[in-house]
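Based on these hints, arrange chains B and C on the given structure of chain A.
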Amino acid sequence: MTSWVENAWYVASWDAGITSTPKARTICGIPMMFYRKLDRSVVAMRDACPHRMLPLSMGIKEGDSIRCKYHGLKLGPDGVAEEMPLRNDPVNKRICAETFAVHERHRFVWVWIGDKDKADPALIPDLWPCSADGWTFDGGYYHIACDYRLMIDNLMDLTHETHVHSSSIGQPEIMEAPLECEVKGDKVELWRWMSGIDAPPFWREALGKEGPVDRWQICQFLLPSSVMIDVGVAPVDAGATLANHDQGVRGMVVDCMTPETETSHHYFWGMARNFDINDVGFTARFKAQQGGVFAEDKVILEAQQQAIEQNPDLKMNSYSIDQGGVRARQIIARAIRAKEEQGA
Amino acid sequence: MTSWVENAWYVASWDAGITSTPKARTICGIPMMFYRKLDRSVVAMRDACPHRMLPLSMGIKEGDSIRCKYHGLKLGPDGVAEEMPLRNDPVNKRICAETFAVHERHRFVWVWIGDKDKADPALIPDLWPCSADGWTFDGGYYHIACDYRLMIDNLMDLTHETHVHSSSIGQPEIMEAPLECEVKGDKVELWRWMSGIDAPPFWREALGKEGPVDRWQICQFLLPSSVMIDVGVAPVDAGATLANHDQGVRGMVVDCMTPETETSHHYFWGMARNFDINDVGFTARFKAQQGGVFAEDKVILEAQQQAIEQNPDLKMNSYSIDQGGVRARQIIARAIRAKEEQGA
Amino acid sequence: MTSWVENAWYVASWDAGITSTPKARTICGIPMMFYRKLDRSVVAMRDACPHRMLPLSMGIKEGDSIRCKYHGLKLGPDGVAEEMPLRNDPVNKRICAETFAVHERHRFVWVWIGDKDKADPALIPDLWPCSADGWTFDGGYYHIACDYRLMIDNLMDLTHETHVHSSSIGQPEIMEAPLECEVKGDKVELWRWMSGIDAPPFWREALGKEGPVDRWQICQFLLPSSVMIDVGVAPVDAGATLANHDQGVRGMVVDCMTPETETSHHYFWGMARNFDINDVGFTARFKAQQGGVFAEDKVILEAQQQAIEQNPDLKMNSYSIDQGGVRARQIIARAIRAKEEQGA
Numbered sequence: 001m002t003s004w005v006e007n008a009w010y011v012a013s014w015d016a017g018i019t020s021t022p023k024a025r026t027i028c029g030i031p032m033m034f035y036r037k038l039d040r041s042v043v044a045m046r047d048a049c050p051h052r053m054l055p056l057s058m059g060i061k062e063g064d065s066i067r068c069k070y071h072g073l074k075l076g077p078d079g080v081a082e083e084m085p086l087r088n089d090p091v092n093k094r095i096c097a098e099t100f101a102v103h104e105r106h107r108f109v110w111v112w113i114g115d116k117d118k119a120d121p122a123l124i125p126d127l128w129p130c131s132a133d134g135w136t137f138d139g140g141y142y143h144i145a146c147d148y149r150l151m152i153d154n155l156m157d158l159t160h161e162t163h164v165h166s167s168s169i170g171q172p173e174i175m176e177a178p179l180e181c182e183v184k185g186d187k188v189e190l191w192r193w194m195s196g197i198d199a200p201p202f203w204r205e206a207l208g209k210e211g212p213v214d215r216w217q218i219c220q221f222l223l224p225s226s227v228m229i230d231v232g233v234a235p236v237d238a239g240a241t242l243a244n245h246d247q248g249v250r251g252m253v254v255d256c257m258t259p260e261t262e263t264s265h266h267y268f269w270g271m272a273r274n275f276d277i278n279d280v281g282f283t284a285r286f287k288a289q290q291g292g293v294f295a296e297d298k299v300i301l302e303a304q305q306q307a308i309e310q311n312p313d314l315k316m317n318s319y320s321i322d323q324g325g326v327r328a329r330q331i332i333a334r335a336i337r338a339k340e341e342q343g344a
Numbered sequence: 001m002t003s004w005v006e007n008a009w010y011v012a013s014w015d016a017g018i019t020s021t022p023k024a025r026t027i028c029g030i031p032m033m034f035y036r037k038l039d040r041s042v043v044a045m046r047d048a049c050p051h052r053m054l055p056l057s058m059g060i061k062e063g064d065s066i067r068c069k070y071h072g073l074k075l076g077p078d079g080v081a082e083e084m085p086l087r088n089d090p091v092n093k094r095i096c097a098e099t100f101a102v103h104e105r106h107r108f109v110w111v112w113i114g115d116k117d118k119a120d121p122a123l124i125p126d127l128w129p130c131s132a133d134g135w136t137f138d139g140g141y142y143h144i145a146c147d148y149r150l151m152i153d154n155l156m157d158l159t160h161e162t163h164v165h166s167s168s169i170g171q172p173e174i175m176e177a178p179l180e181c182e183v184k185g186d187k188v189e190l191w192r193w194m195s196g197i198d199a200p201p202f203w204r205e206a207l208g209k210e211g212p213v214d215r216w217q218i219c220q221f222l223l224p225s226s227v228m229i230d231v232g233v234a235p236v237d238a239g240a241t242l243a244n245h246d247q248g249v250r251g252m253v254v255d256c257m258t259p260e261t262e263t264s265h266h267y268f269w270g271m272a273r274n275f276d277i278n279d280v281g282f283t284a285r286f287k288a289q290q291g292g293v294f295a296e297d298k299v300i301l302e303a304q305q306q307a308i309e310q311n312p313d314l315k316m317n318s319y320s321i322d323q324g325g326v327r328a329r330q331i332i333a334r335a336i337r338a339k340e341e342q343g344a
Numbered sequence: 001m002t003s004w005v006e007n008a009w010y011v012a013s014w015d016a017g018i019t020s021t022p023k024a025r026t027i028c029g030i031p032m033m034f035y036r037k038l039d040r041s042v043v044a045m046r047d048a049c050p051h052r053m054l055p056l057s058m059g060i061k062e063g064d065s066i067r068c069k070y071h072g073l074k075l076g077p078d079g080v081a082e083e084m085p086l087r088n089d090p091v092n093k094r095i096c097a098e099t100f101a102v103h104e105r106h107r108f109v110w111v112w113i114g115d116k117d118k119a120d121p122a123l124i125p126d127l128w129p130c131s132a133d134g135w136t137f138d139g140g141y142y143h144i145a146c147d148y149r150l151m152i153d154n155l156m157d158l159t160h161e162t163h164v165h166s167s168s169i170g171q172p173e174i175m176e177a178p179l180e181c182e183v184k185g186d187k188v189e190l191w192r193w194m195s196g197i198d199a200p201p202f203w204r205e206a207l208g209k210e211g212p213v214d215r216w217q218i219c220q221f222l223l224p225s226s227v228m229i230d231v232g233v234a235p236v237d238a239g240a241t242l243a244n245h246d247q248g249v250r251g252m253v254v255d256c257m258t259p260e261t262e263t264s265h266h267y268f269w270g271m272a273r274n275f276d277i278n279d280v281g282f283t284a285r286f287k288a289q290q291g292g293v294f295a296e297d298k299v300i301l302e303a304q305q306q307a308i309e310q311n312p313d314l315k316m317n318s319y320s321i322d323q324g325g326v327r328a329r330q331i332i333a334r335a336i337r338a339k340e341e342q343g344a
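Protein chains in written order, with the numbering used here: chain A, 1 to 344; chain B, 1 to 344; chain C, 1 to 344.
For reference, chain A alone in the conformation it holds in the complex:
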């Protein structure tokens, strides 16, 4: 039994991270290789030659096929043998490497973990701000040596900003607004609505006008392991509501955590926004700043993972501020059980 949900889509890479050259990455414990075909679609294949198991990512691309570096077995993008090591040997079409369903959406390449015939692109988490008209989206990647659920805990809780990010985005004031939480099916929402306050400098500049604003922070957990944080301000007289708050400036922090092993994950982070969307300088500066903030989380989370391993007699406790993470973990655990009962 794993700590992650199966029959689900996980981010394998940023779209730009996969080219015609094979890239090796372990997803949910499975060594995989990814590359693009000439038509730009993405291939995901077990990173082990069906012959003698050399990683296929060490191989040579020939058109859309891959030739193993060891004995030259050539496999098509469907994983099926196209040429044997001895070129004159008849090709045994039962020789094949496992392939995985992939789909490109929201600037990410997603890979399906589970029963391949259930891989429905409609099940990809709806990270709509990453690809909606009038929005722009960019971000980065970190390898994090901790259970991916510790990162979900982190993102579903905004109080840690005060301490972990004290030199950048942390502010004691933000702690004072009441916090609300709601589970909606497989989603968890956690939000603060601050009405009629002064906008902080960053948002005042983005909004481009003075005066009192409504300000919000809305964290949303989506199965199997994404978190979106809706942030922004609108003039107080514009009538923004929790349901509709596009009257001002709005950003969406987008984070996708893909398990690598039980104690490590791939962390894809970024920021979508619906203002100044053609200002590439702003995009680059914001990405650099966000990268700095998440690097602070990396230090904390990796130390937390080690402390968990070094204190096997203790366990974590949860307080009011942890309700978002607690509920996200409940939804994950429920989905894992459901999959198991199906299989049983």
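Hints may be right or wrong, so weigh each one.
It does not matter which identical chain is used: a pair holds within one copy or between any two.
What the hints assert, rightly or not - Derived pair list, reagent style BS3-like, types lysine-lysine, alpha-carbon separation capped at 25 angstroms: (1) Lys23 <-> Lys184; (2) Lys74 <-> Lys23; (3) Lys298 <-> Lys23; (4) Lys93 <-> Lys37.
Hint data in this document are derived by calculation from the structure and do not stem from the laboratory.
For chains B and C alone, coordinates are given in the frame of chain A:
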């Protein structure tokens, strides 16, 4: 079952090694954090926040309290919560980090491993030369990647000096005096008494006069894991005896081994003496020399630990020279059994 | 149960690799120490002092004996105690370190793994070209982090040259000649005979004349873990046959794989030849080139070992080109079973 005695005091640090800034150190398998309060007394606490387990040693000191770097839970020096992550949340006083009994004596900070209510300072090993009037004491620290009992074996045997320390303190002559050994309750004593010999240069200079001397080497093992080695000379006509030999110059090598894991330990070493006690230059030179000698032991002991692991079909054997270590190990094993029978 | 055959000779070192100074090397899971006596014969001893297990290879040579660096126990080349740590203590002749049968042949030092009384030098694999009149032999050593059987697979298959060694010795043409394989008792032979072809540049230069040649490649596996590859050309009218082909120029690639652990081995490789045998410049150049080629195999084989470990749900498959390795593994497995049934 561990290889170390519980319900016992272990050295956590030299007194100067603990300041107001938290220091992380694993003692007998337990990750701990140490710091001094404003009144200079020492706090020892489990190095894991009771909230999400981040090491508290990464936290921020506020007066005598510690605030966790992750979500800001603030704990007093008694480990009990003083402020929740959300400052307005009512404080749950049942939230606390485990604390450990500590006591400062003989220039060391001692921590109690076992049942806290049995932590009686009277049980601290009597390393009297480290704090007696007319004596001075200083030394250093090494991390040693071996079972702490291998270091006890090493210190309860003076014959290895000839080979391991051939370039410094080793001398073939020392091997010729007969060796005596006696177990007194929980102590082991092992000694050589050399009567009417010429003092070696170091001791002749310390004594400050010519002529035949009595010379002694008395190793003493004390539970749970200290060794003191009484060394010195006295003029032969001064009437020095095993029981009373303060007629000349006397030094006491003091070594405390604190288990970190089953295969590593903290090694606190030093030298107390009752001559030239205000000569700080002598103290510094002697400490540097002693550090060089014990670094030679570190190489040997870590290689020995690895050989033990790499030859699982073999076991160590003991000859006459090992009787001190053998008896110290018997006393340790007996104390471990006694503690277990108590618990059963 | 190990993956290697017991009651067999394994190469411990090149002859020049063992001198009067102790050398530590783990053979088939056993830490050993090797050195030469004054009469140049080789001693192999368990690399752990029978006293406190310090590696004997850290000790001091005294004549043909070794004195442990820790307490000075002195052992003769037969492993038996010659002097106790206290020199005046009576020597206990039952104190001894395990020794191993060794034999020097074919430029290698061989060590016997298994029942010592069965260590018959006649059982050393017959690597005759390494020491025959009219031949010269030299080569090198690599430590390889993979199961030794993966290297046997590699050497018993010449098709990988095209892909792994594409920049050096690989040639697509070589793939076209038919391959034959035969098991003869404990040997596997795998060969190609190419008749009436043009000699490639290397062999044309070695032969020193123009015209069509017979060319051969004959791989031979020998228990427990050696492979010899007979390569060369002869003028087509000289009447060379598989059984007798010394009419032209001939080389013999010699490879001995000695298990270190289940996932690492010592790789001794070289080339014997019967032409230009006094041209030391040729020998040096050829050794450098061969070292470069085998370094390419090292990269592949270590990646293969890791892929095997990272894909525990998959297993290797074998095609026609793998028949040599498959049969060599069958012979190894049969020998392991035979030894076990003997012991049962």
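*From the Cα coordinates, with 25 angstroms as the cut-off, is the pair Lys298 and Lys23 best called within, between, both, or neither?*
This pair counts as both: shortest intra-copy Cα distance 23 angstroms, inter-copy 22 angstroms.
*How do Lys93 and Lys37 come out at 25 angstroms by Cα distance, when the copy is not named: within, between, both, or neither?*
Only inside one copy: Lys93 and Lys37 sit 21 angstroms apart there, 61 angstroms across copies, limit 25 angstroms.
_Alpha-carbon proximity between Lys74 and Lys23, which holds within one copy, between copies, both or neither at 25 angstroms_ = Classified as within: same-chain Cα gap 17 angstroms, cross-chain 45 angstroms, threshold 25 angstroms.
_Intra- versus inter-subunit Cα pairing at 25 angstroms for Lys23 with Lys184_ = Neither, since 37 angstroms and 45 angstroms both go past 25 angstroms.
Checked against the numbered hints above, the structure breaks only hint 1 and satisfies the rest.
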